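Converting from the sequence shown to the numbering used here requires adding 29 to each position, the first position being numbered 1.
These are computed hints drawn from the structure, not numbers from a lab.
Quantities reported herein were computed from a predicted structural model and do not represent experimental measurements.
Hints should not be assumed to be uniformly reliable.
With a Cα cut of at most 27 Å, we get these calculated DSSO-like pairs of lysine-lysine [to be verified]:
1. 231 - 67
2. 48 - 67
3. 48 - 231
4. 124 - 231
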Amino acid sequence: MARTRAAARPSSITIGYTKGLAITAAVRALRDRNPDGKVHTRLLAWNDSRGALLEHRVDAVVTRLPFPTDRLRVTVLYDEPRVLVVPRDHRLAGKESVTLADIADEPIPHVRQSDPLLNAYWRLGPRPDGRPAPDGPLVEALGDKHELIAAGQAVAIGPPLDHATGLHPSLTTVPLHGVEPSQVVLATRTGDRSRLVTAFRKHAEALLTGTHRAGPIRTT
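Between the sequences and the hints, there should be enough to build the whole structure, so can you do that?
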């Protein structure tokens, strides 16, 4: 009975999130309704969501697909448009929108040791006509990619970051039309029935709806 009661009480939870995604509303609601629980947050690298969950460094993650979802419970919170990232002096900077045809020959960086699924998704390769995405420089990290773009050596496709959420000051973004949006999701470990994890899921579904919400919440 003592073990059952202890398991039912809120204890602690670490909530991960990736750059450009706000989790404050759901975290605040969780803390307000569970004052005896310890609620921690952790900013994760863009490609570390799955590893952080399975290694128990975090208990829930708000992040972007795609990544392998086996052994995870994934709930789609909302859709988010993908944008083109270019230097401020690029020929396409300042346009209302662009399409894949506008960047057909623009080199797009490869991220070293990135998951192939993730790399292909953000490079949009292959293109709808079957052509591979144009090869760009090989980079180690997101910051390196931004420096290359700022230097005029490549362009990139990414989420709608701004300068407050990690976009390089010499870069700007342009809406990219004709491309499926990315999905912002809540991910937890399959079978995790922690009271705080369950409570956070409810708050995330209710409060983390974003500005580009499209369609009902879906769980896999």
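Right, here's what the structure says about each hint:
For a cut-off of 27 Å, the pair hint linking residue 231 to residue 67 stands: about 17 Å separates their Cα positions. For the hint pairing residue 48 with residue 67, the CA-to-CA distance comes to about 23 Å; that is within 27 Å, so the pair holds. Of the supplied pair hints, the one linking residue 48 and residue 231 holds, its CA atoms being roughly 22 Å apart against a limit of 27 Å. Simply put, residue 124 and residue 231 have alpha-carbon atoms about 39 Å apart, too far for the 27 Å limit, and the pair is violated.
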